[in-house]
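Enquirer: What follows is the residue order along each chain.
Number of protein chains: 2
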Amino acid sequence: MQIALDAMGGDHGPEELIDGAMLAVKKTGLQVTLVGNQQVLQAHLDRLRPGDPGLSRVHIVHASEVVEMDESPVDAIRKKKDASVLVAFDLVRQGQADAAVSAGNSGATMAAAVRKLGRMEHVSRPGIASIFPTLKKPVVMMDVGANVDCRPQHLFQFAVMASAFSHIFDIERPRIGILSIGEEVGKGNTLVKETYLRLAASSLNFVGNVEGRDVFQGNVDVIVCDGFVGNICLKLSEGLAGAAMQMLKDEIMKSTLAKIGYLLARPAFRAFAKRVDYAEYGGAPLLGINGVGIICHGKSSAEAIKNAILEAAKMVEKQVTEKIAIGLAESVQDEEALV
Amino acid sequence: MQIALDAMGGDHGPEELIDGAMLAVKKTGLQVTLVGNQQVLQAHLDRLRPGDPGLSRVHIVHASEVVEMDESPVDAIRKKKDASVLVAFDLVRQGQADAAVSAGNSGATMAAAVRKLGRMEHVSRPGIASIFPTLKKPVVMMDVGANVDCRPQHLFQFAVMASAFSHIFDIERPRIGILSIGEEVGKGNTLVKETYLRLAASSLNFVGNVEGRDVFQGNVDVIVCDGFVGNICLKLSEGLAGAAMQMLKDEIMKSTLAKIGYLLARPAFRAFAKRVDYAEYGGAPLLGINGVGIICHGKSSAEAIKNAILEAAKMVEKQVTEKIAIGLAESVQDEEALV
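If you read the sequences in order, they're chains H and B. To convert, note that position 322 of the first sequence is 322 in this note's numbering; the numbers rise steadily by one, no gaps. To convert, note that position 308 of the second sequence is 308 in this note's numbering; the numbers rise steadily by one, no gaps.
Accuracy of the hints is not assured; some may be wrong.
Where chains are identical, the list cannot tell them apart; a pair therefore holds if satisfied intra-copy or between any two copies.
[Claimed, not checked] Straight-line Cα separation of at most 25 Å, DMTMM-like style, residue types lysine to aspartate or glutamate; simulated pairs:
1. Lys259 <-> Glu68
2. Lys274 <-> Glu121
3. Lys80 <-> Glu184
4. Lys136 <-> Glu251
Treat the hints as calculated values from the structure; they're not laboratory data.
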């Protein structure tokens, strides 16, 4: 299997991305194509240990341009025809790669994926899913930022797509909830109330509304919401986790005994940090495009990039795209039967 | 000053609420009127230490009915004319109390406040504000659940009202942000983009969009959002804080050294828990009604009830209602000047 990695995107530059690619190929039988400036990438590879067995499974495909993090995605994709993220998705289109991964500008990654691979049939709007750690199994939330103003059919399609994606966790019949502000039917805004009825009438395993406080309980496998709400939830969670650890450390630093206690408990803190770290779960899959694409956090470490590459490989292996197509076709049949 | 407490609402029953009232009167010169079943409340008071100096400042006003937590707010308020929450707000209307506090059904508390005290002039929709702990000063978020489908003028009014409320923290010119999914102007859904322009054109101290990850940084004093998004943020934060502590404890319990470390650091953990505990900040103020009302979490402890009573007293003392009226009148003048 061949994964194309946009080796120019992200906040840490090519070195961290290449390290991630090396970790991935060493851990598995995967091949990784680094897409970006040939000279820059080759220089980084040359610095690695010669004879490293991983090197034979990492290749470079040249791309002369880069989309910057703060560029307008639409403009950038239109103007920079040879941008690394476009070339990466073009490799997927041509069948030279099985999936593409980027830690660059996420709007541009989404735009490049749609431009090169196209929207799937029956999908009104492709979206971005995200994996949240919970007290039990991870939960898949969709959409987390691609679509800010949604209609019920969009949320319905997110439910179908995220359910198919959750097969990578070997979940047979994923339980689907809709993010709302009360458990009972009839609670929520107009969008939620209409989507609720649509999901309830479908053959999906819909379990009803999920409140904010239940997201981390892990009692559902999939949570649907519009991209505005989902993105706020994602970033609020990140921000709260960081702020809470900071506040706890502030309190610990006030006392010598507490500091000693912290040192003794440090392995537990590390295990905890690993458990809540988004990087452990790879990146955010783009769902609804004809192929496999993953967006990583701009701040992704080599470890996070490795996990995203493995996640992309798993999506290919588990035929997530094909499963989404089947799910969508079934839901269209369901609706036609209802009419 | 006299605060009316709905002594029948909440998950823990009258005892916890009465304990909260006693804590409040002992700490301050306040008087508290307990509203609810005379016999039940008197029996609880009789169990307290006779001659307790606080007892002389706690009184009972009888109300024969109670709105249950799971009742439809609108139906309950219509049918149960003698519900404790209605009687509490009626005391405010009659001038026999300066403010009302309830830990009961929050929809019913909102409905009772509007029914008895009425909406303020220039307010399209009263709302609920909430105080979030941050790394710096607390931040006031509004709306957190009263209004799920909002228009720009509603969010604009939330900004005016929450700013006036933030005077209880002695903030002179509160910095106002709007919750969105990117910092730049033009990021967000339609509602946010339209509200942005309206806030930017006003004389308010508007600082722009605030992302989910910045909520806990404390760089703004007020965050506005619609009640659907705000309620999800509030409950997600509660849920995440709880789940994170659970995960950390799970990890600590796996090792003896970590357990010893935890014991040594426990005072720091307690100080941390206090810092992130919503109860420390009192309840959620109802803003946009002609008077002072506070909704407490159903699970509120006596400590939380005490803090809510003190918060209500502070709102009266700082003339929050009058400040909101002035702010709204000014914003209406601003708009007329623009036309």
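Enquirer: All hints are to be evaluated individually against the structure, with a verdict given for each.
Expert: Against the structure, the hints come out as follows:
1. For a Cα distance limit of 25 Å, the shortest separation of lysine 259 from glutamate 68 qualifies neither inside one copy, at 42 Å, nor across copies, at 47 Å.
2. In the homo-oligomer, the alpha carbons of lysine 274 and glutamate 121 never lie at most 25 Å apart, since the shortest distance is 38 Å inside one protomer and 52 Å across protomers.
3. For the homomeric pair lysine 80 and glutamate 184, the shortest alpha-carbon distance between copies (22 Å) is at most 25 Å, but the shortest distance inside one copy (49 Å) is not.
4. Only between protomers do lysine 136 and glutamate 251 lie at most 25 Å apart by alpha-carbon distance; the minimum there is 14 Å, versus 29 Å within a single protomer.
In summary, the structure is inconsistent with hints 1, 2 from the numbered list given earlier, while agreeing with the others.
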